[in-house]
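Based on these hints, arrange chain B on the given structure of chain A.
Chains A and B supply the protein sequences, listed in that same order.
Position one of the first sequence corresponds to residue 1 (the UniProt record's numbering), numbered consecutively onward.
Position one of the second sequence corresponds to residue 1 (the UniProt record's numbering), numbered consecutively onward.
You may find that some hints are simply not true.
Any copy will do: because identical chains look the same in the list, a pair fits if it lies in one copy or spans two.
Said to hold, decoys possible - Distance condition first, Cα-Cα at most 20 Å in a straight line; then the derived PhoX-like pairs of lysine-lysine:
no.: 1; residue 1: K185; residue 2: K111
no.: 2; residue 1: K185; residue 2: K109
no.: 3; residue 1: K39; residue 2: K51
no.: 4; residue 1: K31; residue 2: K169
no.: 5; residue 1: K221; residue 2: K174
no.: 6; residue 1: K221; residue 2: K169
In short, the hints are calculated from the structure, not lab data.
Number of protein chains: 2
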Amino acid sequence: MTLNPTASIMVIGNEILSGRTQDVNINYIAKGLTCSGIKLIETRIIPDDQKIIIKTVNELRAAYDYVFSTGGIGPTHDDITSEAIAEAFGVPNPIHPEISRLLEEHIGKEKYNDAHRKMARFPLGATPIPNPVSVAPGYVINNVYVMAGVPQIMRAMFDQILPTLHHGKPIVSKSWYALHASEGKIAHDLAHIQDQFHNLDIGSYPFYKNEDQNGIALVVKGQDQDAIQRAAQQIHQLFIRMGYDPQEGEPI
Amino acid sequence: MTLNPTASIMVIGNEILSGRTQDVNINYIAKGLTCSGIKLIETRIIPDDQKIIIKTVNELRAAYDYVFSTGGIGPTHDDITSEAIAEAFGVPNPIHPEISRLLEEHIGKEKYNDAHRKMARFPLGATPIPNPVSVAPGYVINNVYVMAGVPQIMRAMFDQILPTLHHGKPIVSKSWYALHASEGKIAHDLAHIQDQFHNLDIGSYPFYKNEDQNGIALVVKGQDQDAIQRAAQQIHQLFIRMGYDPQEGEPI
Chain A
1 MTLNPTASIM VIGNEILSGR TQDVNINYIA KGLTCSGIKL IETRIIPDDQ
51 KIIIKTVNEL RAAYDYVFST GGIGPTHDDI TSEAIAEAFG VPNPIHPEIS
101 RLLEEHIGKE KYNDAHRKMA RFPLGATPIP NPVSVAPGYV INNVYVMAGV
151 PQIMRAMFDQ ILPTLHHGKP IVSKSWYALH ASEGKIAHDL AHIQDQFHNL
201 DIGSYPFYKN EDQNGIALVV KGQDQDAIQR AAQQIHQLFI RMGYDPQEGE
251 PI
Chain B
1 MTLNPTASIM VIGNEILSGR TQDVNINYIA KGLTCSGIKL IETRIIPDDQ
51 KIIIKTVNEL RAAYDYVFST GGIGPTHDDI TSEAIAEAFG VPNPIHPEIS
101 RLLEEHIGKE KYNDAHRKMA RFPLGATPIP NPVSVAPGYV INNVYVMAGV
151 PQIMRAMFDQ ILPTLHHGKP IVSKSWYALH ASEGKIAHDL AHIQDQFHNL
201 DIGSYPFYKN EDQNGIALVV KGQDQDAIQR AAQQIHQLFI RMGYDPQEGE
251 PI
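Extracted from the complex, chain A is given alone in its bound form (with noise of 0.2 Å):
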């Protein structure tokens, strides 16, 4: 099996912890990374706390070959993310001469004030990356991406991102499910499947709608084709074999 690069998200966000805001941003990413044979190991929540950011993209830089980080990157107050990630690198957080150019052209020579100003401040060393949205650049320094929260501009800045990293040989999946399946009656028998394949991953996920809608899928995922078809075709004859009526993919 291939090594492949491994990555972090950091989330900052009082929203995201508060319940106010549910987060779609982590799933849009670990679906665009898992394509591009990249390794997701972890995802932290944490709030607008500047020594908490500095400890956790500390941590997480060290850690892993990628850092994703969503969030703060505003003109308002609440938004510390760039002084956070300056802090932790121990380097200046100065005003990017071309990118403040960039901000007061958008938003115009008599609008433009300290707080656009802000968004054009960068640790020293960083790279813009173009937010093709409304114009405030995220930007990466070493092994940290440094992106914008609203998912709009996430999704623009975070798209570009994944072209220029170093991908690993894609993950791949195949699914099976079946209604009104359990997990204890074939769970022997998955296990044993699990253990033919080393080199895979098999997950079983109950799903439950509601009384008619439950049942379970098994997903096998790796990186070898050849053996994912094998091991879903035992799936298949296994669901079979326990008088279930497996269907391809996932539950809707």
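Just chain B now, with coordinates in the frame of chain A:
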């Protein structure tokens, strides 16, 4: 300000990290905790990996008053949470006779097997949390609450846990939003409002759905109802002063 209890969430799930599944449990727990005056400080999403689970739960239970764990308590080979929790606490993970009888009764004597029996294994000293959806319980050991990952089951468990926790003074909030409002334009005056209310958190959250549906929401959060009303009133006036049309609540 009352010192509210603190909490963390540990989501155990390869399926979240691969992007297969959009987590919705964090948001549900976060909302419940906020209403109960319990401060969620950190959330980690980690893989089905025993060493990582042990390290994470030991870090979180030392740092926060409560730890809420979701996922990995089913009967299949990839369900390793209870083994890891027992190891983290340095206790055995025996079959709980009463829970085993309960499961056997529910599943049927002939069908009841070792995989089912695995769901009756709890770290020694744990107290079961009933599962009204599919019988197999979660449990609490010291300050760690171990719940299922399936949202419907997780919710049923968490709803039983929440009233038993030590509640803090509720954290309440008041929001105003305005379409087409610019963060840069209001940032200076908003910081001035924040400066007057040191016991409140004022957050500025831009939203962007499309060219028409975008703007900012300003959220005042804290424990002092009276201060929240006064800060929200100032925010309302700020929006008007800047030529926007403020709406109460959150943008849809």
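Hint check:
no.: 1; hint: K185 / K111; verdict: between (67 Å within a copy, 8 Å between copies)
no.: 2; hint: K185 / K109; verdict: between (69 Å within a copy, 13 Å between copies)
no.: 3; hint: K39 / K51; verdict: between (27 Å within a copy, 17 Å between copies)
no.: 4; hint: K31 / K169; verdict: within (15 Å within a copy, 39 Å between copies)
no.: 5; hint: K221 / K174; verdict: within (7 Å within a copy, 45 Å between copies)
no.: 6; hint: K221 / K169; verdict: within (12 Å within a copy, 46 Å between copies)
The structure is consistent with each of the numbered hints, conforming to all of them.
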